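The primary structure of each chain is shown beneath.
Protein chains: 4
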Amino acid sequence: MIQETYDKARVVNFSDAVFSIVMTLLILEVGVPSIATLNKLSFGAVLANRIPDFIGLVVSFLVSALYWIGHIKLMKFVSVVTGKLLWINIFFLLTIVLLPFSTAMYVNGFDYPGPFMFYCINLAVIGAFNLIMTRYVYYSENKKTGFIRVLYRWYRARAINVLIIWVLAALCTLVFPMFARMIFVFLFVVQFLIDRRFKKKMTLVE
Amino acid sequence: MIQETYDKARVVNFSDAVFSIVMTLLILEVGVPSIATLNKLSFGAVLANRIPDFIGLVVSFLVSALYWIGHIKLMKFVSVVTGKLLWINIFFLLTIVLLPFSTAMYVNGFDYPGPFMFYCINLAVIGAFNLIMTRYVYYSENKKTGFIRVLYRWYRARAINVLIIWVLAALCTLVFPMFARMIFVFLFVVQFLIDRRFKKKMTLVE
Amino acid sequence: MIQETYDKARVVNFSDAVFSIVMTLLILEVGVPSIATLNKLSFGAVLANRIPDFIGLVVSFLVSALYWIGHIKLMKFVSVVTGKLLWINIFFLLTIVLLPFSTAMYVNGFDYPGPFMFYCINLAVIGAFNLIMTRYVYYSENKKTGFIRVLYRWYRARAINVLIIWVLAALCTLVFPMFARMIFVFLFVVQFLIDRRFKKKMTLVE
Amino acid sequence: MIQETYDKARVVNFSDAVFSIVMTLLILEVGVPSIATLNKLSFGAVLANRIPDFIGLVVSFLVSALYWIGHIKLMKFVSVVTGKLLWINIFFLLTIVLLPFSTAMYVNGFDYPGPFMFYCINLAVIGAFNLIMTRYVYYSENKKTGFIRVLYRWYRARAINVLIIWVLAALCTLVFPMFARMIFVFLFVVQFLIDRRFKKKMTLVE
Chain A
1 MIQETYDKAR
11 VVNFSDAVFS
21 IVMTLLILEV
31 GVPSIATLNK
41 LSFGAVLANR
51 IPDFIGLVVS
61 FLVSALYWIG
71 HIKLMKFVSV
81 VTGKLLWINI
91 FFLLTIVLLP
101 FSTAMYVNGF
111 DYPGPFMFYC
121 INLAVIGAFN
131 LIMTRYVYYS
141 ENKKTGFIRV
151 LYRWYRARAI
161 NVLIIWVLAA
171 LCTLVFPMFA
181 RMIFVFLFVV
191 QFLIDRRFKK
201 KMTLVE
Chain B
1 MIQETYDKAR
11 VVNFSDAVFS
21 IVMTLLILEV
31 GVPSIATLNK
41 LSFGAVLANR
51 IPDFIGLVVS
61 FLVSALYWIG
71 HIKLMKFVSV
81 VTGKLLWINI
91 FFLLTIVLLP
101 FSTAMYVNGF
111 DYPGPFMFYC
121 INLAVIGAFN
131 LIMTRYVYYS
141 ENKKTGFIRV
151 LYRWYRARAI
161 NVLIIWVLAA
171 LCTLVFPMFA
181 RMIFVFLFVV
191 QFLIDRRFKK
201 KMTLVE
Chain C
1 MIQETYDKAR
11 VVNFSDAVFS
21 IVMTLLILEV
31 GVPSIATLNK
41 LSFGAVLANR
51 IPDFIGLVVS
61 FLVSALYWIG
71 HIKLMKFVSV
81 VTGKLLWINI
91 FFLLTIVLLP
101 FSTAMYVNGF
111 DYPGPFMFYC
121 INLAVIGAFN
131 LIMTRYVYYS
141 ENKKTGFIRV
151 LYRWYRARAI
161 NVLIIWVLAA
171 LCTLVFPMFA
181 RMIFVFLFVV
191 QFLIDRRFKK
201 KMTLVE
Chain D
1 MIQETYDKAR
11 VVNFSDAVFS
21 IVMTLLILEV
31 GVPSIATLNK
41 LSFGAVLANR
51 IPDFIGLVVS
61 FLVSALYWIG
71 HIKLMKFVSV
81 VTGKLLWINI
91 FFLLTIVLLP
101 FSTAMYVNGF
111 DYPGPFMFYC
121 INLAVIGAFN
131 LIMTRYVYYS
141 ENKKTGFIRV
151 LYRWYRARAI
161 NVLIIWVLAA
171 LCTLVFPMFA
181 RMIFVFLFVV
191 QFLIDRRFKK
201 KMTLVE
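Residue numbers (the working numbering), protein chains in the order written: chain A, 1 to 206; chain B, 1 to 206; chain C, 1 to 206; chain D, 1 to 206.
Extracted from the complex, chain A is given alone in its bound form (with noise of 0.2 Å):
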């Protein structure tokens, strides 16, 4: 049996220009104020309509950010690009994508549980693909990489945090609205948490 390979270099660069593309796209969707608007509000009224906006958009870029930095880990161990992981990667890839819409929406209809919870879902499925990539690198590769175990429960606890937490912020927003909205918060300080935990268990393999 031969296996198809791909150039790595080639979809490295395609998957950073796809989130560059998107987390700058990301701006378009806040509205510029028209002139009539600007005559018509004081700025900080015009500011102050724009705060979901600018939530929206830091939240979806710094999210993007994190996944875009997962990436970065986990292609480190990749020695060759099957064509498994090539459409794993594409897939992951058409769900980011969606992120300016979902954001778009969610920023639309602030007050309403609908569009955040497909924006949370969409973060969720963004996470499901990171978490599949990441069990695909792990036992395609086969710890030829330096991919070792500890490391692959390292990036696996990450994973599996974000997919956990936009569940519960997709789950809680029909009860607890506005605490579905800080959630996200918590992706940092268990993300935190996990790092401290796993830096120690490296730190005892060496």
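Bear in mind the hints are in silico, worked out from the structure with no lab data behind them. There may be inaccurate statements among the hints.
Claimed, not checked - Derived list of chain B stretches under chain C, where covered just means 3 residues or more per stretch with a C-beta under 8 Å from a C-beta of chain C:
{"no.": "1", "segment": "20–33"}
{"no.": "2", "segment": "82–95"}
{"no.": "3", "segment": "100–109"}
{"no.": "4", "segment": "141–148"}
Remember, predicted model here, so these are calculated numbers, not experimental data. Just so you know, even glycine gets a beta-carbon here, dropped at the ideal spot from N, CA and C.
Dock chains B, C and D against chain A, hints included.
Relative to the frame of chain A, chains B, C and D by itself:
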């Protein structure tokens, strides 16, 4: 006679950039529901109205990904980018760039035959340039880079598959509109069969 | 005296990225017909209304491609990116970035002389920076990188060709509007003649 | 303790991509005149109405280019991308991404103080992250990569220059609105003086 040659890395990077921008821009054509719409309709209805948009996005994204993967495979066998290859690639990218437009038009006029035919023809023309490029690389590289006959026939079969499927879809749309919209599924089925057949052939060659 | 130099790979990647984004954004300026338009007009009429858009897209795409190819050729002879070259390149890219705007304005006001003149002047200014960059590279690299006199004269002839054609088109638009819109075809014809002449010269040099 | 490090090439490519997309998106904010506008107004008037747009485009493009050049210079001295540097860079890019929005808002409300102050603050915050990044690289690399004290002071002077100019412009806008809009010219003048002074110093060092 001197032959001008071009920096392959730049041509490849440029192509990757165009693919990634086109595939990301597809999301910009999905209309974000305004607050007025969210007030009036249930969120389920809002999403249901966007089903054609999501179908268009996913089909165009995945078909673009197929063409991109084909580009990666083909470029592996290119030792030197000649002026001719450069221009074939530029026309190939020009037709790729049309995709966000033809996708959005097809999605807006989901029930009309015209926009869908335009969409199919766009994809078929991309396929035609893909086929031309495959042929050109095979004959100009003349097997020096490992692009052996059986591989060429494999890639050509894939390229012809895409081309035929979209021409068929364009033709069917007037007679069997719903069937025409489903034909693209065969793209993946037929490609699976082609791949299985040629993988067997490749093993015999080795 | 110390001379600051810059990472050539980054400057080249950045330029490629700007070119690819500009060439892809051109499609965003082609208005997608709404469902209302598709209901009212025949699909043939819908497409016919977009003929100026497609002309604008194709001309701008191909002329940008010409400038991009020129950039690839020129950069091959750059050993070191000086501050001066960096800034010439930045102004060159600034005028490239204007292209989606001037194309869209020309297309909207297809029958007016003003927008077309603006478009031609935009393209002529890009050509002027191209010429300046070609001169700068020739004199600063001083033939050390193989940028011999005959090659320089070849590239300069191409750069002057583009510049003259667009200045001519701008001037003609008031007197022979339709002819002015066709002049760009000469771009490719004259370049073909230039290439043939200098290819002969190059053979004599070798 | 282990320190996580990141693929420098990907971080640099990603940053270049964000810069190039932001600088190209600036043109999307310049409104293309409709056929109705072109019918009603003379072409001179159409262009005159866009003078603020062109000023905004050119200033934002050139200031972004300055930051990008600073990024190239700084990254040359980075041997290893640590998690901290990665996150400083991500926040730096987040503020860059805001630029098309703040430029468009400033241009729409050209005669109002608020939008211009927002624009200046945006640019000053970019400058602040630039300064933080410069400091971080100097102290973490600890001169190992040739980032000597005099060079650090040079780059810091440039970073502080940009920061001060934009804070000053923000402050001036309430008292001397027209002068505030001109201050950015000093950016280039003061930088020229800084460069001359430090080039002299560098010669003494060698």
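**Study point:** Contradicted hints - numbers only
**Key:** 4
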